[in-house]
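Residue numbers (full-length UniProt numbering), protein chains in the order written: chain U, 1 to 436; chain W, 1 to 436.
A couple of the hints might just be wrong.
Treat identical chains as interchangeable: a pair holds within one or across any two.
Heads up, simulated SDA-like pairs for lysine to any residue below, C-alpha to C-alpha not over 20 Å straight-line [to be verified]: (1) K134 - Q81; (2) K134 - L62; (3) K405 - Q206; (4) K383 - G362.
Keep in mind that the hints were calculated from the coordinates and are not lab data.
None of the values given here were measured: they were computed from a predicted structure.
There are 2 protein chains.
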Amino acid sequence: MFNQPHAPYGHSTTMKSSLCFLLAAKRAELAELERLAQSIALARSTAALVHELQRERGLSNLSVRHAGMGQAPLDAQLHQQTLGTDDWVAQWLLESEALINAPSPHAARLLSRVAYALQGLDALALLRSRVAAKALSTQRLSADYARLIASLLAVVFEAADHASAPELLRPLVALFNLMQCKEWTGQERALGATLFASTQVHAQEQAHLSELIEAQQRCLEVFESFASAALLQRWQERQRAQPLIERSRLRRLLLQTPAGGALEPHLSGVWFACCSQCMDEMRPIEDQLTQALVEQASACMAQVQAEIGQLEQRQRQPPEADTERLRGSAFFEAAPPALQPAPQGLAFGLERSVLDLVQEQGLRLQAAATELETLRVSLNERKLIERAKGLLMAHQQLDEPAAHKALRELAMNQNKRMVDVAEAVLSMSHLLAPRR
Amino acid sequence: MFNQPHAPYGHSTTMKSSLCFLLAAKRAELAELERLAQSIALARSTAALVHELQRERGLSNLSVRHAGMGQAPLDAQLHQQTLGTDDWVAQWLLESEALINAPSPHAARLLSRVAYALQGLDALALLRSRVAAKALSTQRLSADYARLIASLLAVVFEAADHASAPELLRPLVALFNLMQCKEWTGQERALGATLFASTQVHAQEQAHLSELIEAQQRCLEVFESFASAALLQRWQERQRAQPLIERSRLRRLLLQTPAGGALEPHLSGVWFACCSQCMDEMRPIEDQLTQALVEQASACMAQVQAEIGQLEQRQRQPPEADTERLRGSAFFEAAPPALQPAPQGLAFGLERSVLDLVQEQGLRLQAAATELETLRVSLNERKLIERAKGLLMAHQQLDEPAAHKALRELAMNQNKRMVDVAEAVLSMSHLLAPRR
Numbered sequence: 001m002f003n004q005p006h007a008p009y010g011h012s013t014t015m016k017s018s019l020c021f022l023l024a025a026k027r028a029e030l031a032e033l034e035r036l037a038q039s040i041a042l043a044r045s046t047a048a049l050v051h052e053l054q055r056e057r058g059l060s061n062l063s064v065r066h067a068g069m070g071q072a073p074l075d076a077q078l079h080q081q082t083l084g085t086d087d088w089v090a091q092w093l094l095e096s097e098a099l100i101n102a103p104s105p106h107a108a109r110l111l112s113r114v115a116y117a118l119q120g121l122d123a124l125a126l127l128r129s130r131v132a133a134k135a136l137s138t139q140r141l142s143a144d145y146a147r148l149i150a151s152l153l154a155v156v157f158e159a160a161d162h163a164s165a166p167e168l169l170r171p172l173v174a175l176f177n178l179m180q181c182k183e184w185t186g187q188e189r190a191l192g193a194t195l196f197a198s199t200q201v202h203a204q205e206q207a208h209l210s211e212l213i214e215a216q217q218r219c220l221e222v223f224e225s226f227a228s229a230a231l232l233q234r235w236q237e238r239q240r241a242q243p244l245i246e247r248s249r250l251r252r253l254l255l256q257t258p259a260g261g262a263l264e265p266h267l268s269g270v271w272f273a274c275c276s277q278c279m280d281e282m283r284p285i286e287d288q289l290t291q292a293l294v295e296q297a298s299a300c301m302a303q304v305q306a307e308i309g310q311l312e313q314r315q316r317q318p319p320e321a322d323t324e325r326l327r328g329s330a331f332f333e334a335a336p337p338a339l340q341p342a343p344q345g346l347a348f349g350l351e352r353s354v355l356d357l358v359q360e361q362g363l364r365l366q367a368a369a370t371e372l373e374t375l376r377v378s379l380n381e382r383k384l385i386e387r388a389k390g391l392l393m394a395h396q397q398l399d400e401p402a403a404h405k406a407l408r409e410l411a412m413n414q415n416k417r418m419v420d421v422a423e424a425v426l427s428m429s430h431l432l433a434p435r436r
Numbered sequence: 001m002f003n004q005p006h007a008p009y010g011h012s013t014t015m016k017s018s019l020c021f022l023l024a025a026k027r028a029e030l031a032e033l034e035r036l037a038q039s040i041a042l043a044r045s046t047a048a049l050v051h052e053l054q055r056e057r058g059l060s061n062l063s064v065r066h067a068g069m070g071q072a073p074l075d076a077q078l079h080q081q082t083l084g085t086d087d088w089v090a091q092w093l094l095e096s097e098a099l100i101n102a103p104s105p106h107a108a109r110l111l112s113r114v115a116y117a118l119q120g121l122d123a124l125a126l127l128r129s130r131v132a133a134k135a136l137s138t139q140r141l142s143a144d145y146a147r148l149i150a151s152l153l154a155v156v157f158e159a160a161d162h163a164s165a166p167e168l169l170r171p172l173v174a175l176f177n178l179m180q181c182k183e184w185t186g187q188e189r190a191l192g193a194t195l196f197a198s199t200q201v202h203a204q205e206q207a208h209l210s211e212l213i214e215a216q217q218r219c220l221e222v223f224e225s226f227a228s229a230a231l232l233q234r235w236q237e238r239q240r241a242q243p244l245i246e247r248s249r250l251r252r253l254l255l256q257t258p259a260g261g262a263l264e265p266h267l268s269g270v271w272f273a274c275c276s277q278c279m280d281e282m283r284p285i286e287d288q289l290t291q292a293l294v295e296q297a298s299a300c301m302a303q304v305q306a307e308i309g310q311l312e313q314r315q316r317q318p319p320e321a322d323t324e325r326l327r328g329s330a331f332f333e334a335a336p337p338a339l340q341p342a343p344q345g346l347a348f349g350l351e352r353s354v355l356d357l358v359q360e361q362g363l364r365l366q367a368a369a370t371e372l373e374t375l376r377v378s379l380n381e382r383k384l385i386e387r388a389k390g391l392l393m394a395h396q397q398l399d400e401p402a403a404h405k406a407l408r409e410l411a412m413n414q415n416k417r418m419v420d421v422a423e424a425v426l427s428m429s430h431l432l433a434p435r436r
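Go ahead and model the full structure; you've got the sequences and the hints to work with.
Written out as C-alpha cells, the structure is:
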C-alpha cells in the first residue's frame, strides 16, 4: 500500500513553481531597483537645490551685512538667485511627487523626510521676506537656511539608508558625505566672514571654526573611501585649485591670530568669495557622482530585466521528465544552500538545473546582503552619533559642532570610540528632562 | 523689487503637499504591514508543515529500523501521516503563491528561500519511495528530512529578518527559535534512538548528543527573552509535563553511561515515544504564538488604517490662511526634527499643525527604526554565526553541532564572543579551498 508514494502536488507542478518563485524574486528585485532609481533622481535634484539655497544664503548674508551700502546691485543679484532657487524647488517638487504615485513598502521614512523638507521650503517665503526687510541678524539668517538645508540633506541620507544594492549604496554614501561637507563649508564661510568683519578674534569662535573644519574632514574621509576611482582622481585634481590654497591661507590667519588680536575687515569679502568658489568647485563633482548613480541604476535594472527574460524563456520549456529522479536526489546531495558567492556571477543558461539556479540566486542575494551590512556599519554609526548629538543639542542647548566636540571629549576621556559613547548617551536619554 | 518674495509654489500648495506625503508615508507603512501579514501567514503554515514532516520522519525512522517486524500497522500509520503532511504541503503552496501575486520590493530573499524549499518538497516523493523500499539507513533518512526541514525553517527566518514593525519582529524571532529548538529535539530523538538500539554507548555520539541538547538550550533562551509574558507562563507550565521529566531521566542514562558501557535496547522505543511527546507539547505553544502574530498584524494594520482616515479627513479641511506666517516661523523655531519619541503615541487630532504631525511621524518612525536595530542585533549575530558554521561544515566536513562546537572552542580559547570568532572565520573564507 505504500509502494506508490502519495503526491497530490505533482513533480512538474512544484518544479514549475520553483521557477515561478525565482521569477517573482527577480521581479521583486526589479521593483526595488525602480524605487531606488526614483530616490536617486530625487537625490540628484536635492543636490542641485541645496547648491542654489547655499548661494541664496550667501547673497542674503551679504545683503543683510551690507544693508544700505550699494544695496541695489546686490539685491538684484539676490533676486535673480531666488528665481534660480525656485526653478529647482519646482523640479524637486516634481521628483518628490513621483514617490507618492507608487507608495512602496519601506518608503515610509523617505516620504516622512520629504514631508518635513516641504515644511522647510514652505517657510522659505517667510525667511526671504525677513531678509528683504533686514529683520534678522546674519547669524539667525545662517541658522535658518542651515535648518532648511539639513532637512533636505536628511532626504539624501534616507535614500542611501534604504539602498538595497551595494553598487548603488556606495555612491549614495559618497554623495551624502560630499553634500554634508559642502554644507559645513557653507557654515564655515558665514562664520569666517563674521570673524573678519568683527575685526577681532574670539577664542570661542576660533574653536567653533576648527570644529567645522574637522567636520568637513570627517565627511571627506568617508567620501574618499566610497567614491569611484575615476571620481576620486577628478576630486584630487580639484584639490590643487587656487581658491582652496587661498582658503588655507585665510584659515591660518583666522586660527593662528591670538585671541583678542586684530583682523583686517576687508578680508571678510575676500574670505567669503574664496569659500564660495570652493563650494562651486565641489558642485561638478556632485554632478558627476549623481550622473554616475543614474547610469548605474539603469545598468542594474537592465541586468535584472535580462535575467527575467532568460527565466521566462526557461519557463516556456517543457520539463525534462527523464531527469526527474536525478533532480529529487540532487536536493539531498548537493552542498547545502550555501555560503560562498558564485565566483563568476549568474548565468541563466538553459542547460542549468532549476536547483542550480535557485541555489545561485540564494548565494547572490546572501552575498549582496553581507556586503550591504558591511557598508551600512558606517551609516549606522553615523546614525547613532547623530542621534546622540541631537540629544545633546536639545538638552544642553548646544549647536552641532559643540555637541560633536562634547561627544568626542567623552570618547577621548573614556578611551572609547565615538559610536560607543553615542550609544551610552542614548541609553541615558530618559534621564534628561525634555527641553520643550 | 524684493518686498514680495517670489514664490511660484504657493503656500497652500506645499502645505497640502506635506499632508500628501504624510499620507503616502502612512500608506507605505500599511503596504509593508500587509506584506508582513502574508509572511506571517506563511510562517504559520510552515510551522504546521514542519511538525507534520517531523512526525513523518519519526514514523519513517521506525519503519526502516523495524523492517519486517510487524510492519503492516506501522506502514498504515506512516501512510496516514504522509496524507496529513500532504494536506499541509498543499496549504503551504497556497500561502506561498500569495507572495507571488504582489511581488514587493525587499521580498526577493524570501521568495528565493521559498523557491529552495519547494525544491525540497519536490524531492520528498523520492525520499518516501526510498523509505518504502527500505533503501536507505536511518541516519541518511534523518539527514535528508533534516535538510528539507532546514529549508523551511529558513523561510521563517527570512520572514523575521524582514519584519519592519518591532511588535511583530519580537514574536517572529520567538517563533523561529521555538521551531529551531523543536527541530534539534527531533534530531536528538533520532540520535538517542540509535544509541539505545546499538546497545553500546560511544563517546563520539555522546558528545554529539550534548551538543544537540545545548543547541536546544540556546534557542530556548532566545525564545524566552522574546516571547510575551502570557506565552512564557504557558510555556513554563508545560515544562513540568511528564514526558519532559522522563526525557531528562533517559538523557542522563545516555550521557552518564561510560563509553563502551551497555544500554537496554528496549528503551529505544521508550525514548522515541517520549521525545515525540516533548515535540508534540511544543506544538500548541507554536500555535498560540502564530495565532497571536496574526492578530497583532491585524491590529497594527487597523491602527495605521485609522490614522490614514484621520489624515484624509484633515486633508479635506481648507488650510487656515491666518496662521500662514506663524507656521512658516514654527519650522525655524520648533526643536529640530527630533530625537525623542512622542511619549503618548500619535494623536492625529484636527487641531494639530501639519508641522507637528510631520515631526511626530518622523519621531515615531525613528523610534521604531532604533528598536528594530536593537532587536536585529540578535538576528545579525545569529546570521554571522550560522554563516561561519556553514563554512566550517562545507570545508571541514563537519555537521552543525560539531561546527558549533569548533566555533565555541575558538571563542573560549581566544576569550572572545562567538560572534567575533564567526566574523574572523568569515574574513578568512577566501583562504579555504571550496569543497565542490
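Results of checking the hints against the structure:
no. : hint        : result
1   : K134 - Q81  : within (17 Å within a copy, 84 Å between copies)
2   : K134 - L62  : within (11 Å within a copy, 90 Å between copies)
3   : K405 - Q206 : within (13 Å within a copy, 57 Å between copies)
4   : K383 - G362 : between (30 Å within a copy, 14 Å between copies)
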